[in-house]
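Q: Below, each chain spelled out in residue letters.
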Amino acid sequence: MGTALDIKVKRANKVYHAGEMLSGVVVVSGKDSVQHQGVSLTVEGTVNLQLSAKSVGVFEAFYNSVKPIQIINSTIEMVKPGKFPSGRTEIPFEFPLHVKGNRVLYETYHGVFVNIQYTLRCDMRRSLLAKDLTKTCEFIVHSAPQKRKLTPSPVAFTVTPETLQNVKERALLPKFLIRGHLNSTNCVITQPLTGELVVESSEAAIKSIELQLVRVETCGCAEGYARDATEIQNIQIADGDVCRGLSVPIYMVFPQLFTCPTLETTNFKVEFEVNVVVLLHPEHLITENFPLKLCRV
Amino acid sequence: MCMDNHSILPDHFSPENVNDTAKETCLNWFFKIASIRELIPRFYVEASILKCNKFLSKTGISECLPRLTCMVRGIGDPLVSVYARAYLCRVGMEVAPHLKESLNKNFFDFLLTFKQIHGDTVQNQLVLQGVELPSYLPLYSPAMDWIFQCISYHAPEALLTEMMERCKKLANNALLLNSVMSAFRAEFIATRSMDFIGMIKECDESGFPKHLLFRSLGLNLALANPPESDRLQILNEAWKVITKLKNPQDYINCAEVWVEYTCKHFTKREVNTVLADVIKHMTPDRAFEDSYPQLQSIIKKVIAHFHDFSVLFSVEKFLPFLDMFQKESVRVEVCKCIMEVFIKHQQEPTKDPVILNALLHICKTMHDSVNALTLEDEKRMLAYLINGFIKMVSFGRDFEQQLSFYVEARSMFSNLEPVLVQLIHSVNRLAMETRKVMKGNHSRKTAAFVRACVAYCFITIPSLVGIFTRLNLYLHSGQVALANQCLSQADAFFKAAISLVPEVPKMINIDGKMRPSESFLLEFLCNFFSTLLIVPDHPEHGVLFLVRELLNVIQDYTWEDNSDEKIRIYTCVLHLLSAMSQETYLYHVDKVDSNDSLYGGDSKFLAENNKLCETVMAQILEHLKTLAKDEALKRQSSLGLSFFNSILAHGDLRSNRLNQLSVNLWHLAQRHGCADTRTMVKTLEYIKKRGKHPDMGHLTELALRLPLQTRT
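Residue numbers (my numbering), protein chains in the order written: chain A, 1 to 297; chain L, 1 to 712.
What the hints contain is simulated information worked out from the structure, not anything from laboratory work. Among the clues, some could well be false.
Claimed, not checked - Quick partial rundown of chain A residues pointing at chain L, CB under 8 Å, derived from the structure: (1) Val9; (2) Ala12; (3) Ala205; (4) Thr230; (5) Asn234; (6) Gly240; (7) Val242; (8) Leu246; (9) Val248; (10) Gln256.
Heads up, the beta-carbon is just placed ideally off N, CA and C, and yes, glycines get one too.
So here's chain A without its partners, still in its complex pose:
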């Protein structure tokens, strides 16, 4: 038939907050006019939780999933059954983003074991002979800025063979001294993580220095809870044997959608950490771990 359905949200960046009006247009376009049995618009927001294989075993994880938590789900009828003319028809809509009861509008987050997603779905019902049309559009929700002021929490670190904890044969390690600091582990999510690192001395040549951003997701279910740490991204800040005594900047932007303000609820937790990873010739890998607290201001 050639009829197409589309949803266009007003804001270019598709970002909304609790209590705001989600407005836009539904666009029906086609060469011919189209008969329909009604057009409806649904707003859905859900938290999907995955069980990790670690806690309940592989098969259990595969068959069972924890029931998704519904944050919002409401439908409005936009157009009564009728006929759309040929060409392009725009139907405006407006939705207040309210949640029922004492539920919270969590921020959009695409993770591995936790997934918080908000969608707008438009359905056009048609007669028995014609297939129903549907179109989904994701929009982003940002949580409200936190009320408390952000207190910066700088962290300095020094790494030598002596300070390492998880070492088998300390004597075999090459000598090195690496100093540095993170400007704050309490981070504003819209601003990059910053700091500095200096290789004061090292017997072995440096292969690479990287920042590994890690998400730690905790999912709870009847049988217990699982805590999993996975890598979000790895940003290299030094490539090859850097100059000794020269400070190298630590700088990493928090990726949209894959990070969100640190979140703790009764059913799940989303937390973040960063690892400063140093690779030495020939095969040594040194890591310093820093838990982070992300928030939105």
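Given chain A's structure and the hints, the job is docking chain L onto it.
A: Below, chain L alone, put in the same frame as chain A:
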């Protein structure tokens, strides 16, 4: 406020002008780039779209640039990082040239990482890849030169001094010194030349090649002058090092630059020493064969600074230096350069034997390179240069010496026609100079001398190829002979010209195109007639012998079918004959009796003259008759009118016959309606006006018999 999607951003837009969708897309791109794992690609991509920060905020670039500068510190390989810095400087200069701080930081950060080059990691790498340090270090130069140049551009002197001091303090700083010398202002380097020489001397031999350092210094000294008191010492220091270079390529690259310095500030003695040194280095194993461009450049520099050729050729090693150019095409190029400079700068003619010998040698080299494959343009150029030389040779009053020079030149340059032409002109000029000196009265000696000159021309002209060249030269030389009272020689020239006329081909080559030769022949003949007026008849030949001969030749010449050139020539002959019948000619050659004094208006002469006129006129009328066909009527009319005008101007219209003839011609011109009315009207007016002069009454009568035809 939303902007329309189709409006274009103004040149100096601000973030407010940019619409939201564009901003969103831009922001997304920056997010994507921030997530690139590897440091070097992330750096380059972010640097390359630095300008896009303008879409998002006013301060974006000024925040981003310093951050990128710091980022480069994470690149471990010093060679990779210096090129990253060079790129950042390039982008910085383009996008935000006012953010000098960031640019300067690139330089100072680079100095901090400089020691890495001689550190273990890099040195081990070089050993692994089998690369020697002198080959590795110059790899840094392009990037370093660029960075230094960006920073030193319009930089205050204080900054340059600080940068130089910082470089001085580092060990193994030859590479830095080289870039400083390449990038900083020449004046800055030149004033500190001795300093730099000191620094160069301290550099480690096994690292950056020293001759490159001296070369860089030399390039600066070619542009700016060091303090007067240091100049000699600088040359000595530099040359001490340069002369020790073993590799001929390295040597010549360095020497070439320093020759200019030597020429600029020193005398021929020092230049000679330098040239001798170059010859010594470049002769073994024919090393010069690979360095012709540099050697050419040296010659150019020397002749650019020494315009006085007597000084130049007194430089002992100059000609031996030229001998190194053994490839013919290169040698000819060098000769051409030298000749060009000579022609440009030599003001006074010279007879200096040193110069003459040297330049003859050089011209001969150029001449001998001409063969069947030489292009016309090249031949023209070489001839021009050799002529320039010939024109500058003068032995003053010693004309005999001058003539023998021309004789020698003729045998040396026989393959270039323009040179031979020049020589003929020069010899003619010599004859006229002699005449001037003798105030027109030749002694026995000078008469013999001018006869020798005339003979020179007479012998040389037949060896030329161009037919009109020969014709014109015969005429010209005949005139010179006449002026010098060499009557029989003049006759010989004119006879030779006349006998050459039948050989004029239908088409001649002008500038590569074939064109009909008729108009050139007409031009030549008219010129010839003007000369013939004053050529006295030879007592042993008949009256107007030469004119008759010429008429015969013209008669027999195959003219174009539809051309009227023959008739135009006959008309000119009529003018000549009419002029010849005068009692006194309008012009004469000094001390030559022309026909007017020879015959003194003798009736026999005049009768012969008349007879010739009648013959010619009959020819003209014959021809007019043949033009009675349709296509030719216009020609007939205009030729008729022109004949009429000739008669009017040169003929005596008191004669009835001429009078009647002119009336007939007038009618003929108008008969078929082809005449231009305005011309006819004007002509009639002219006749009437002239008729008013005393003794011209017959013209008024004539005018009455010349009706104007109205166009119906």
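Q: Determine for every hint whether it applies to the structure shown.
A: Hints, verified against the model:
1. Val9: 12 Å, violated
2. Ala12: 4 Å, holds
3. Ala205: Check passed: Cβ of A:Ala205 comes within 5 Å of chain L, closer than 8 Å.
4. Thr230: 16 Å, violated
5. Asn234: 5 Å, holds
6. Gly240: Interface hint status for A:Gly240: holds (2 Å vs cutoff 8 Å).
7. Val242: Since the shortest Cβ distance to chain L is 5 Å, the answer is holds.
8. Leu246: 5 Å, holds
9. Val248: Holds - the Cβ of A:Val248 comes within 8 Å of chain L, reaching about 5 Å at its closest.
10. Gln256: Interface hint status for A:Gln256: holds (6 Å vs cutoff 8 Å).
In this structure, the hints that do not hold are numbers 1 and 4, in rising order.
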